Amino acid sequence: SAVISQKPSRDICQRGTSLTIQCQVDSQVTMMFWYRQQPGQSLTLIATANQGSEATYESGFVIDKFPISRPNLTFSTLTVSNMSPEDSSIYLCSVEGTGITDTQYFGPGTRLTVL
Amino acid sequence: GQNIDQPTEMTATEGAIVQINCTYQTSGFNGLFWYQQHAGEAPTFLSYNVLDGLEEKGRFSSFLSRSKGYSYLLLKELQMKDSASYLCAVRGGGSYIPTFGRGTSLIVHP
Numbered sequence: 001s002a003v004i005s006q007k008p009s010r011d012i013c014q015r016g017t018s019l020t021i022q023c024q025v026d027s028q029v030t031m032m033f034w035y036r037q038q039p040g041q042s043l044t045l046i047a048t049a050n051q052g053s054e055a056t057y058e059s060g061f062v063i064d065k066f067p068i069s070r071p072n073l074t075f076s077t078l079t080v081s082n083m084s085p086e087d088s089s090i091y092l093c094s095v096e097g098t099g100i101t102d103t104q105y106f107g108p109g110t111r112l113t114v115l
Numbered sequence: 001g002q003n004i005d006q007p008t009e010m011t012a013t014e015g016a017i018v019q020i021n022c023t024y025q026t027s028g029f030n031g032l033f034w035y036q037q038h039a040g041e042a043p044t045f046l047s048y049n050v051l052d053g054l055e056e057k058g059r060f061s062s063f064l065s066r067s068k069g070y071s072y073l074l075l076k077e078l079q080m081k082d083s084a085s086y087l088c089a090v091r092g093g094g095s096y097i098p099t100f101g102r103g104t105s106l107i108v109h110p
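For the protein sequence lines, the chains are A and B, in the order given.
Just so it is clear: in the first sequence, position 77 is 77 by the working numbering, and no numbers are missing.
Just so it is clear: in the second sequence, position 64 is 64 by the working numbering, and no numbers are missing.
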C-alpha cells in the first residue's frame, strides 16, 4: 500500500482567489489522480497526472481552471483557480497500487470552502 | 459511460447483518471494487471482484454476478465503527480507472 499526505487539510477561501493543494506519496508511482467529492456525491475524477507530461483531464474539467503539476514521481499539485462557491468540495489525491487488483489508494483529502 | 446505482442510506442494528447492493451498466467490465469511507476521511479499499461469486474477508464479503450487473457487500456482526459510507466502483468501458457510485451511508445503532 501507499501512504499519501495532502496539504492543506482544509481551507476557507474568498471567491476569485486560487488555492494550490499538494500531494506527497511515500513511494514512486507512475500515475497520480485528482478527484473531487462534493457533499453527498460520488468521487469524480478531475484528471490523471503522469510525471513529465501534461495531465489528462476528464470531461467537464479544464486545465485553466485546474492546473496540475507533476514534477517528480512522488509529488503533485492541483490548483483550483478563480474559485467560486461551487468549487466548495473535498479534493482527493490518489495513486494506483500494484498487484492484480490495481486498487487505488487515497490521500486524506483537502476540504475547501469558498465564500 | 457507466451507470452505477446503490441505495443512498441504510440503517442496521449492532450485531446484525446488512447487505448493500450495487447495480451497474458498463461495457467491457473489468472489475468491481468496494471502498469504505468514514466521515472526513479518505476511502479505504475493502474488496475486489472480477469473477462471479463470493469473496469472503473476515466480517465482510462481496458478491458479483456479471450477467446481472449486480454486486453486494455483506457485513456481518455489525459494530458501531462500521457506520460509514460504502462506495461501489466499477472498472470498464476500456478504462482502467474505476467509476464510483454515490455511496451508501450506513448507520449502525445500538
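Calculated directly from the structure, the hints in this document are not laboratory data.
Be aware that a few hints might be false.
What the hints assert, rightly or not - Just some of the chain B residues that point at chain A, by a computed CB distance under 10 Å:
(1) M10
(2) G40
(3) T44
(4) Y48
(5) Y72
(6) E77
(7) L78
(8) Q79
(9) G93
(10) R102
Predicted, not measured: the structure shown is a model, and the values here were computed from it.
Backbone N, C-alpha and C define an ideal beta-carbon position, used for all residues, glycine too.
Verification of the supplied hints:
1. M10: Hint on M10/B: violated, closest Cβ of chain A at ~15 Å, above 10 Å.
2. G40: With a minimum Cβ separation of about 8 Å from chain A (threshold 10 Å), the hint on G40/B holds.
3. T44: Check passed: Cβ of T44/B comes within 8 Å of chain A, closer than 10 Å.
4. Y48: holds, 4 Å
5. Y72: This hint is violated: Y72/B lies away from chain A, its Cβ roughly 18 Å from the closest one there, beyond 10 Å.
6. E77: Since the shortest Cβ distance to chain A is 24 Å, the answer is violated.
7. L78: Violated. Min distance 23 Å.
8. Q79: violated, 23 Å
9. G93: Cβ of G93/B sits 13 Å from chain A, so the hint is violated.
10. R102: This hint holds: R102/B lies near chain A, its Cβ roughly 4 Å from the closest one there, short of 10 Å.
In this structure, the hints that do not hold are numbers 1, 5, 6, 7, 8 and 9, in rising order.
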